[in-house]
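Sequence lines, in order, name chains A and B. Residue numbering for the first sequence follows this note's numbering, starting at 1 and increasing by one per position. Residue numbering for the second sequence follows this note's numbering, starting at 1 and increasing by one per position.
To be clear, the hints were calculated from the coordinates, so they are not data collected in a lab. Watch out, some of these pointers could steer you wrong.
[Said to hold, decoys possible] Quick partial rundown of chain B residues pointing at chain A, CB under 7 Å, derived from the structure:
hint, residue
1, Pro30
2, Leu31
3, Gln37
4, Ala44
5, Glu47
6, Glu116
7, Gln117
8, Leu119
9, Ala138
10, Ile139
[Unchecked claim] Okay, the calculated bits of chain B under chain A, using three or more residues with CB under 8 Å as the criterion:
hint, stretch
11, 52-66
12, 143-153
[As the list claims (entries may be wrong)] Listed below are several chain B residues computed to face chain A (Cβ distance under 10 Å; list not exhaustive):
hint, residue
13, Ile10
14, Gly12
15, Leu32
16, Met33
17, Val35
18, Cys36
19, Thr42
20, Gln43
21, Leu114
22, Leu122
23, Ile123
24, Ala125
25, Asn135
26, Glu140
27, Ala174
From the three backbone atoms N, C-alpha and C, an ideal C-beta is built for every residue, glycine too.
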Amino acid sequence: MSELDQLFRDGLGNRKPEVPADLWKKIKANKATIPEGEALDQLFATTLANRQAAVPRGMWARIVAARRPAALRRYAAVALLFLFALAGGSYLVYDSLTAAATQGGRATQVQTDGTAAIVPPASPTQDRAILSDTADLRATSGTTATASAPVQSFTSPSTEESVNSVPPRSDFRPQQLATVAISTLPPEPLLLAPLLLTLGPINATPEGGFRASGRQRFQGELVLGAAYAHQRFGLQAEGSQAQRELREVSEFPEVSYQLSARLRYRLGGAWRLVTGLTYTELRNQFEYESMLQGNDRLLRSNNRLRLLEVPLLASYELPGRRLRVGINAGPLLHYTAGVSGHYLDPASARPRELATAEQYRRQLGLGWTTSLTTTYPIGKQRSLELLVEPFFKQYTGSFTAPDAALSEHYWMGGLQVGLRKQLR
Amino acid sequence: MLSMKEKELIEGALRDDERCQRALFDRYAPLLMGVCQRYCRTQAEAEDVLQDTFVRLFAKLPKYGFQGSFAGWARRLCVNVALKTYQRKRFSMEQTGLDNTPERGGAPTAYADLGEQELLQLIQALPDGYRIVFNLYAIEGYSHKEIGERLGIQEASSRSQLLKARKVLQQQIAHRQRIAI
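Sequences and hints are given; from them, build the entire structure.
Given below as structure tokens:
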């Protein structure tokens, strides 16, 4: 054996190198057979069945936000029920009035100077004859009757024959005759009845003639309503996505409201023009979690956008007896009068104030609105009308300044109630 | 049997007391999040299911009626929400198969070292149909008949899905083990 061999033998012959710590574990694992069937199930079940996982931060806020629309749906359901009830009630009222008018046509008593005059049961032909009587009376009184032309145009040749066969009833006063004529119309010739009603109030002059009312064109309305205002953010600056996400999860719609004083001007036919002044408050709830004394606390406050609006609406009133429905639509001019509340900004540790952030513009804007007005007269004079009006409106522009990070848009839908008064 | 504190919390939540609702959430969210993660492929899906679970839980709380364990009731509700989420996605058992098995991933791990996280990853990597049937049968303890009724499939399909799920899981474990050693 050479000296070289001896050197290596002495150096390495009894050497005990370090064994990796996990070698036995690996050998054991390799030898262990992987479980099958129920045993495999058991492995997963024992480990994972009652496993608890970390809940992501902000999950509670997400749940609170997700539960909120349920409340809005409840409001919507109540509003829908109310509208259904209103529609059903109006149908019943209309139905009963129609029935009363039909019965009244069979035997109507008219008071004339304290004495009773009985109108005989009327057939449709005779009803038209009575109407034509009023036309005859007007002709004899020598006054101009705006209402008479359309009535005559709807008189058929057979009716005219019957007009000639019916003797004039000069002992009836014009107003009484009109009342009798309209109330005794059977439900079938409804083509005629709506036309009469759309002519506007028919006033009897002291001379005994008829004319369409030239006065009483103005009506005043006072309306108060609650609404849902939908807030929508748009990106105006680069990198504002984070702010939008923050605001979307921290601001939720509350019940907004508006108060209106309106003036209504009767144009020709069924058309009306409506304008006025509306105070609108768009409201949102602002929520954020703040660390107070080591605990997360959910803090809430209200955000408000206060607007003054001037709508200019065209209104078309559908014919009806006591219950009337009008469709309104038109533009509105709004002025942002003030803003208050808070919002979250990723660049700030604390919520910022809307009023001092100078994000909102204080200038005029445009929008449009549409509504469905249902009115029902109340009181003996019928000069006062109860008004129910579901409405929708949209503000076309953004409420924030052009240099703000986000644009803020709204639409609004709700229900308002109020009173309408005839102005003299 | 409900503890007094738990009963008070549930009664408070029924009165819409937000503090009680929050306390119930704090108590049961970790457990339900664990359930959601088993049924969902991703963390984002699991969070969505957890959110829907609590929304439904508070809405259906009047139906709980203090019958049985609240944790068990909440867990069943969570499983139902997870199943409905997948049914909404037009989940179809027939479309899943071994071909759809995702690429094997995860850190190499010997079988003996498989922990919660590794087992969860293996389940999450299963195709939707396998994962749901395996969860329902192996972990929740439903029978094939019940699974068939819940998912609207044949009992035989449920058995077949389970066998395939087990096979995939075994393959995945073996694969990880080979890499580890």
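Hints, verified against the model:
no.	hint	verdict
1	Pro30	4 Å, holds
2	Leu31	5 Å, holds
3	Gln37	5 Å, holds
4	Ala44	10 Å, violated
5	Glu47	6 Å, holds
6	Glu116	6 Å, holds
7	Gln117	10 Å, violated
8	Leu119	5 Å, holds
9	Ala138	4 Å, holds
10	Ile139	5 Å, holds
11	52-66	holds (count 5)
12	143-153	violated (count 0)
13	Ile10	17 Å, violated
14	Gly12	16 Å, violated
15	Leu32	9 Å, holds
16	Met33	4 Å, holds
17	Val35	8 Å, holds
18	Cys36	8 Å, holds
19	Thr42	13 Å, violated
20	Gln43	8 Å, holds
21	Leu114	8 Å, holds
22	Leu122	8 Å, holds
23	Ile123	7 Å, holds
24	Ala125	13 Å, violated
25	Asn135	9 Å, holds
26	Glu140	8 Å, holds
27	Ala174	6 Å, holds
Hints 4, 7, 12, 13, 14, 19 and 24, counting from the list given before, are not met by this structure.
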